[in-house]
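From first to last, the protein sequence lines are chains A and L. Just add 480 to wherever you are in the first sequence, counting from 1, and you've got the working numbering. Just add 480 to wherever you are in the second sequence, counting from 1, and you've got the working numbering.
Incorrect hints may appear among the rest.
[Stated by the list, open to error] Below, a sample of chain L positions facing chain A; criterion: calculated Cβ distance under 10 Å: (1) Lys548; (2) Arg553; (3) Lys555; (4) Asp558; (5) Cys563; (6) Phe577; (7) Leu605; (8) Tyr618; (9) Lys628; (10) Gln653; (11) Leu912; (12) Lys913; (13) Thr915; (14) Gly954; (15) Ile958; (16) Gly961.
The set of hints was computed from the structure by calculation and includes no laboratory data. Glycine is no exception: its CB is placed at the ideal position from the N, C-alpha and C atoms.
Protein chains: 2
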Amino acid sequence: MNKMGMISMRLIAGLVAQRNALCLRSWRSFSGMTISQVGSCVGFSKALYLEVEFILLSQQGTRDYNPKQMAIREKVFDTIIRCFKRHGAETIDTPVFELKETLTGKYGEDSKLIYDLKDQGGELLSLRYDLTVPFARYLAMNKITNIKRYHIAKVYRRDNPAMTRGRYREFYQCDFDIAGQYDPMIPDAECLKIVHEILSELDLGDFRIKVNDRRILDGMFEVCGVPDDKFRTICSTVDKLDKMSWEDVKNEMVNEKGLASEVADQIGEYVSMQGGKDMAEKLLQDPKLSQSKQACAGLADMKLLFSYLELFNVTDKVVFDLSLARGLDYYTGVICEAVLTQTTSAPATQERNGPAGEEGVSVGSVAGGGRYDGLVGMFDLKGRKVPCIGVSIGIERVFSIMEQKAQAEKIRTTETQVLVASAQKNLLEERLKLTAELWDAGIKAEVLYKKNPKLLSQLQHCEETGIPLVAILGEQEIKDGVVKLRTVATREEVDVSRAELVEEVKKRCQQL
Amino acid sequence: MNKMGMISMRLIAGLVAQRNALCLRSWRSFSGMTISQVGSCVGFSKALYLEVEFILLSQQGTRDYNPKQMAIREKVFDTIIRCFKRHGAETIDTPVFELKETLTGKYGEDSKLIYDLKDQGGELLSLRYDLTVPFARYLAMNKITNIKRYHIAKVYRRDNPAMTRGRYREFYQCDFDIAGQYDPMIPDAECLKIVHEILSELDLGDFRIKVNDRRILDGMFEVCGVPDDKFRTICSTVDKLDKMSWEDVKNEMVNEKGLASEVADQIGEYVSMQGGKDMAEKLLQDPKLSQSKQACAGLADMKLLFSYLELFNVTDKVVFDLSLARGLDYYTGVICEAVLTQTTSAPATQERNGPAGEEGVSVGSVAGGGRYDGLVGMFDLKGRKVPCIGVSIGIERVFSIMEQKAQAEKIRTTETQVLVASAQKNLLEERLKLTAELWDAGIKAEVLYKKNPKLLSQLQHCEETGIPLVAILGEQEIKDGVVKLRTVATREEVDVSRAELVEEVKKRCQQL
């Protein structure tokens, strides 16, 4: 329960105090109980109980999308999918749950956030934590050695939700991955190009794409004197630099993870470095770092990557940043993360400063990814490797920003072109007949489900939902074989012959 | 374990016998164990263990969709969504899990099929069983009294999978619902019109839409002498008439559910009746059935419904069928179910005969729904009712049929318009530059991730994936500021100036 417990206590207290004064002295004992237990304790009604449930549901980090939010969501997805298809990607889908073992040992310290299903007989199942591990499982299972695919689907994490900042326990990921043995850095460059295209098209304000390479990080740890078995855990600590100051990060390295203070200081010097292709060239000459074979391999690839990024015309936003570490265990090469650099769009949090602070407070990562050449092999019977690189768009944060932007705007949630209406009574049957004619001709049409609706309420429905045209039927129109076609915005009305109505509606909707 | 246990035993036996001869005498003891327990018992390797897992995963009633299946799925969704939008629907989304209590008491005998999440602290959660209950919860929670919405999402049932017939444990539902207090039978008629439109457009062969009304069923039970408290359970038995013969159904009524034989016989007479508007009129005169007020209300509405269906021009496929009962508890009025009547499309099962048998063996229901006027009230604090009617398209069966149809066809899984290629070496940078130009102009373009790919392998990639155009770069073309544009199908090649390439690709793709 922890945080949730506190919230539910307060909610229940509020609700019950309103309607039911029982048991108030026992609130303190609720911590650690489930809401059902609390409910039966205070003996409140089923209905009240359900209301508490609903509030709790949304407090728990999931949410419903209402029609306006869906309209925004579909627009964002459309932009992203168009980009993925422009780059020649196919799409796949995998189940929402995987065998528990499939997810085990892939996520490092984050594994505790996996949702498990109850054992109801059969195998143990868990909800997917990301789309990358299921993708790797899919490749191994189907012996696929090269594919370029995108996958848009929900993933699940038992994390602390922070919904105003777009952090949920159920959230979408939009992943694009390239699997296959290719010449170095070409797919890697395409992935960064894709992030650049999507963030530009979504028009979220200025952004930066940080890149680094796990081999450079590991080489850096090696030459700084980090013991081999501490590489991954120190990497996790470095990853916190976007949320914590260097002092706090160093403190964790030294006091929690037992690193020597001077080793941490050496790391500190490297992780403050940011640059471009020139920095990769300079570091290749660094007397200490150049001692590490894997650092050199990473730096040479970084140089090559930047040369491709120049051809793709995206170096304006890409920064080689030695502090970028990424949390997940499975990365083996290039890693990247995109952040918005404007302060305006979403509420900033106090903790977010450190290295990012200088250039404006970041609203957090909106895309991330990297190369994971070993993951598919973990699922293959013979350990055959399939090199992969991918990026994931953190779409929930994008939704949050778009929703805030759209708050003032009127967004249509339907696409209806024409409402079939009548000013007179007893014309329901005629209205239904005409509506069906329009549907059958592919026109998006509505009719009010009333026998005798008032013309005013029919017109109001159009105003409210943005329907641009009204086809009005009356005794006279029916006799004359015509329909009065009204443009809602201008209130103009013209008689259109029934035979020409479909073409006329199509023509007018194209002009709108 | 049951069936699954048998399968996993056979799988493990086969795999282990191949690679590992240990423990063969202990197979019999595996029944009832989980695969992890079996794995650790026989001590086989992690890799072997994973292979078993994968096979089991697909045996468990979930599946991955490969790119070809996704292409089919998107085409089907597109048809359905176009229809829903044509009828002026908005869309919403809800979380994949709900509080366990939200689902409790809504599904009658089927509740045992609900997937629960493990209790990891916090509230008890279950995977959604359908989209109707979350919709009702959404309406009550947001105090929405009228909406026309569609929702396409996955639902979860711990049922026996029958994957060749399109029955999975994770499957899509495509729901369209109209909520609100309206004049009778108008929204109901629109729902049936929608089913008619979708099944016609999907071109799955001939179909029938059966309709009935829970009030007619209840009235029938009443006048036949079924005790009040047995209405719902006898209704469940009647629902099996599409899978069982009347003899077996009667047997269940009499021997399992304790109904008098002559009561069952009277029900038997009614449930063999099928017709249209005329049958509703006739039954309104039926000396016995007309004794029931609720039967009369249902029959009068059925007459009205058919008069609207005539206006919508869909009575050719709609049958008033007294044997239609539907399994779920929450229906209160009109119910419907659509079945395909052709024997060709999917493997028929032996059990499927009975009433449907005369007109060809049914491949099962592809759509169903009904009116549920009480469900929203179950979630409202003050019990305020919101009348609702909805239909759900059983899309997995549709996918199965479409996939079988498409087996021979070549279906494109990408939309790439042009491949940027080269016949000469050392032109990677030029290829990447041109590709980025095309992407930036909105052209769907690919480039092979090789420094020096052979022209043949570049052309083969186009043949295999259906890319219609190739933009070929060579030293001479670069010097001349042109690109050799090749049409894959005809092998024609023409030089196009670099400045005109984008327009030329767009023009040609429109002509294809």
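Here's how the hints hold up against the structure:
1. Against a cut-off of 10 Å between C-beta atoms, the interface hint on Lys548(L) holds, since the closest Cβ of chain A lies about 9 Å away.
2. Given the 10 Å rule on beta carbons, the hint for Arg553(L) holds: about 8 Å separates it from the nearest Cβ of chain A.
3. Evaluation of the Lys555(L) hint against chain A yields a violated restraint, the C-beta minimum of about 13 Å exceeding 10 Å.
4. Hint status for Asp558(L): violated, given a least beta-carbon distance of 13 Å to chain A, over 10 Å.
5. The interface hint given for Cys563(L) is met, as the beta carbon of that residue sits about 9 Å from the closest beta carbon of chain A, less than 10 Å.
6. With a cut of 10 Å, the hint placing Phe577(L) at the interface with chain A holds, because the nearest CB-to-CB distance is about 7 Å.
7. Annotation: interface hint on Leu605(L) holds; nearest CB of chain A at approximately 8 Å, less than 10 Å.
8. A cut of 10 Å between beta carbons decides the hint on Tyr618(L): the least distance to chain A is about 5 Å, and the hint holds.
9. For Lys628(L), the interface hint holds, since its Cβ comes within 10 Å of a Cβ in chain A; the closest pair sits about 8 Å apart.
10. This hint is violated: Gln653(L) has a C-beta 14 Å from the nearest C-beta of chain A, more than the 10 Å allowed.
11. Look at Leu912(L): its Cβ gets to within about 5 Å of chain A, closer than 10 Å, so that hint holds up.
12. Satisfaction of the interface hint for Lys913(L) is found here, the shortest Cβ-Cβ separation to chain A being roughly 5 Å, below the 10 Å cut-off.
13. Given hint, Thr915(L) at the interface with chain A, holds; its Cβ is 8 Å from that chain's nearest Cβ, closer than 10 Å.
14. A distance limit of 10 Å between C-beta atoms decides the matter here; for Gly954(L) the minimum to chain A is near 18 Å, and the interface restraint is violated.
15. Taken as an interface hint, Ile958(L) does not check out: its beta carbon lies about 14 Å from the nearest beta carbon of chain A, beyond 10 Å.
16. Residue-level restraint check for Gly961(L) is violated (minimum Cβ-Cβ distance to chain A is 18 Å; threshold 10 Å).
Hint compliance for this structure: hints 3, 4, 10, 14, 15 and 16 are broken, all remaining hints hold.
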